[in-house]
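Asks: The lines below spell out each chain.
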Amino acid sequence: MSNVGKSPWIIHYDGSSCNGCDIEVLAALTPLYDAERFGVVNTGNPKHADIFVVTGGINDQNAPVVKQIYDQMLEPKVVVACGACACGGGVYQTCYNIMGGVDTVIPVDAYVPGCAVKPESILDAVIAGVGILDEKAKAMKKNPADKDRSEKDASTGAHASVADVDDGTNADAE
Amino acid sequence: MSKRTVVPFGPQHPVLPEPVHLDLVLEDETVVNAIPRIGYVHRGLEKLVEKRDYTQFVYVTERICGICSFGHSLGYSECVEKLMGIEITDRAAYLRVIFHELSRMHSHLLWLGLLADGFGFEALFMHAWRLRETVLDIFEEVTGGRVIFSACDVGGFRQEVSNETLAGIVAKLERLRDEYRTIAKTLLEDSSVKSRMVGVGHISTDKALELSMVGPFARASNVATDERLNGIGAYGDLAAFEPVLSDGGDCYARCDVRVREVLQSIDIISELVDKIPDGEVMVPVKGSPEDGAQAMTTLEQPRGQAFYYSKGNGTKNLARMRVRTPTSQNIAGMVAALSNVELADVPMVILTIDPCISCTER
Numbered sequence: 002m003s004n005v006g007k008s009p010w011i012i013h014y015d016g017s018s019c020n021g022c023d024i025e026v027l028a029a030l031t032p033l034y035d036a037e038r039f040g041v042v043n044t045g046n047p048k049h050a051d052i053f054v055v056t057g058g059i060n061d062q063n064a065p066v067v068k069q070i071y072d073q074m075l076e077p078k079v080v081v082a083c084g085a086c087a088c089g090g091g092v093y094q095t096c097y098n099i100m101g102g103v104d105t106v107i108p109v110d111a112y113v114p115g116c117a118v119k120p121e122s123i124l125d126a127v128i129a130g131v132g133i134l135d136e137k138a139k140a141m142k143k144n145p146a147d148k149d150r151s152e153k154d155a156s157t158g159a160h161a162s163v164a165d166v167d168d169g170t171n172a173d174a175e
Numbered sequence: 007m008s009k010r011t012v013v014p015f016g017p018q019h020p021v022l023p024e025p026v027h028l029d030l031v032l033e034d035e036t037v038v039n040a041i042p043r044i045g046y047v048h049r050g051l052e053k054l055v056e057k058r059d060y061t062q063f064v065y066v067t068e069r070i071c072g073i074c075s076f077g078h079s080l081g082y083s084e085c086v087e088k089l090m091g092i093e094i095t096d097r098a099a100y101l102r103v104i105f106h107e108l109s110r111m112h113s114h115l116l117w118l119g120l121l122a123d124g125f126g127f128e129a130l131f132m133h134a135w136r137l138r139e140t141v142l143d144i145f146e147e148v149t150g151g152r153v154i155f156s157a158c159d160v161g162g163f164r165q166e167v168s169n170e171t172l173a174g175i176v177a178k179l180e181r182l183r184d185e186y187r188t189i190a191k192t193l194l195e196d197s198s199v200k201s202r203m204v205g206v207g208h209i210s211t212d213k214a215l216e217l218s219m220v221g222p223f224a225r226a227s228n229v230a231t232d233e234r235l236n237g238i239g240a241y242g243d244l245a246a247f248e249p250v251l252s253d254g255g256d257c258y259a260r261c262d263v264r265v266r267e268v269l270q271s272i273d274i275i276s277e278l279v280d281k282i283p284d285g286e287v288m289v290p291v292k293g294s295p296e297d298g299a300q301a302m303t304t305l306e307q308p309r310g311q312a313f314y315y316s317k318g319n320g321t322k323n324l325a326r327m328r329v330r331t332p333t334s335q336n337i338a339g340m341v342a343a344l345s346n347v348e349l350a351d352v353p354m355v356i357l358t359i360d361p362c363i364s365c366t367e368r
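So the protein lines, in turn, are chains A and B. Counting with this note's numbering, you get residues 2 to 175 for the letters of the first sequence. Counting with this note's numbering, you get residues 7 to 368 for the letters of the second sequence.
Be a bit skeptical, because a hint or two may be false.
Stated by the list, open to error - Residues of chain A placed beyond 10 Å of chain B at every Cβ, according to the derived structure:
id: 1; residue: I24
id: 2; residue: L33
id: 3; residue: R38
id: 4; residue: K48
id: 5; residue: L75
id: 6; residue: G89
id: 7; residue: G91
id: 8; residue: V92
id: 9; residue: D110
id: 10; residue: K119
id: 11; residue: A138
Stated by the list, open to error - If you want the footprint, here are the derived chain B segments under chain A, 3+ residues with CB under 8 Å:
id: 12; region: 166-173
id: 13; region: 335-345
Please keep in mind that the hints were generated in silico from the structure rather than gathered at the bench. The beta carbon of each residue, even a glycine, is placed where N, CA and C say it ideally should be.
Generate coordinates for the entire structure from the input sequences, incorporating the hints supplied.
Replies: Here it is in structure tokens:
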């Protein structure tokens, strides 16, 4: 645990999962697994979150939602794909309405296997995510150009959001 | 008339574990209309019967919903057994009902926690989920899985569960019962909890019948609808079965019904464990459903009546598999319950319906 320099806050979104992974994400936060002892707090606000936990695959309806939540999060940020469906479609891979895993719309930093995932592996992934978060923060300090990445996204992509435009300066006012 | 405003609610919202979108039409702070929009979780599972044969499809039905997982595999298996004329053993039928009732307990305890979280009682949420782990431990011990555990199969029950294990389960549940009573007391008697729930989102008995509501949502409006009354499977062997009813019709009544249903499930499990006959748990399944054969069955899921229909075409694959889930029946009731409530009460009303969106959209 010595590598954890920050209490990671997570935001959870259910892509098109069957709920199995969602209830395990919540179970990871409740007394038996108690992710809160590592400072992990589940928040509903993308601007407060460091780690984006996505469960379930991606379809046409939820792709813009996942993209928008990702865009609203401030840099540095980490995406954890939870469960077989989020990793690559899982049991629904051949369904007509599933485009694939979360990495079809946003970059994913950690993949958690399992159907449904075990709370232990979610904890593992979130803690690995903190390490990635630290690395990303260091890289941002070294190369400030990366800081403007979200601004560039806003000018090119259709998913411009408040967080993209204000570059995080208004986050405290939330 | 004051000016109307539209507040979008969801698909991503802290109170919603699942994505559903509502356009709330407000006059001042009061909701005058709620327009639901679903489709965020649609996967197209029913069409998958064309690619998976009827034994493989059990895995898919389990993943219709992770909370009602066992119920869906049970309903599907019963339906296909009817289609193919397979008689399962009594022991398997008993084990199925025991595990279905355990699933109901896990679902209701999960819901009670989410409800507590909904009105901001974090400690109660944590306690409800701590108790729920007792049920999940039983699942893990017997089947190896926590939420999706592939125990039910066409032809019976996949795990042989010894009578000692079953006695151990009942002992565990009896210990849980005492702890559970303290949580139930807080939920039903605490004045701050009551002030959030009593009189909120009221649905009368007539309205409930008119909207064809099902499950605890309807039973809280004093509609005696419960598929367990039909005595399918081991439910027929129960000495007595009375659905849990309440005539309140509000959020408090819905909470009260579910709180009492957990205790009812413990009673059902104890009774069936006492009565369970010895014998095999699986019968061999051979052949394919006949061309044009049809079968249907209903099941009382934690959220209400679920309906299963299947049709064979002479091959290993079914021609059609149809599921109608409780939440799709209850969405009309949810919209009715949302009219004329305060904006701040919207999360409470949505939660007390216990919506299961991934069941609904499949």
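Asks: A separate judgement is required for each hint: does it hold in the structure or not?
Replies: Against the structure, the hints:
1. Not every C-beta of chain B lies more than 10 Å from that of A/I24, the closest at about 6 Å, which undercuts listing it as non-interface.
2. Distance check on A/L33: its Cβ comes as close as 5 Å (rounded) to a Cβ of chain B, failing to clear the 10 Å threshold; non-interface status is violated.
3. Distance check for A/R38 against chain B: the nearest CB is about 13 Å away, which clears 10 Å, and the non-interface claim stands.
4. At the 10 Å boundary, the C-beta of A/K48 stays outside the reach of chain B, the nearest C-beta of that chain being 13 Å off.
5. Against chain B, the non-interface label of A/L75 holds: every CB pair exceeds 10 Å, the least being about 16 Å.
6. Remark: the non-interface label on A/G89 is consistent with the geometry, its nearest Cβ contact in chain B lying 14 Å away (cut-off 10 Å).
7. Chain B draws A/G91 into its interface by the beta-carbon criterion, the shortest separation being 8 Å against a cut-off of 10 Å.
8. Listed as outside the interface, A/V92 is inconsistent with that label: its C-beta sits roughly 5 Å from the nearest C-beta of chain B, within the 10 Å cut-off.
9. No beta-carbon of chain B comes within 10 Å of the beta-carbon of A/D110; the shortest separation is about 20 Å.
10. A/K119, annotated as away from the interface, has a beta carbon of chain B within 10 Å; the closest lies near 7 Å.
11. For A/A138, the condition that its CB be more than 10 Å from all CB atoms of chain B holds, with the nearest at approximately 25 Å.
12. Judged by the Cβ-Cβ criterion of 8 Å, the region 166-173 of chain B is not covered by chain A as claimed, because only 0 of its residues qualify and three are needed.
13. Check on the region 335-345 of chain B: 0 of its residues sit with their Cβ under 8 Å from a Cβ of chain A, so the three-residue criterion for coverage is violated.
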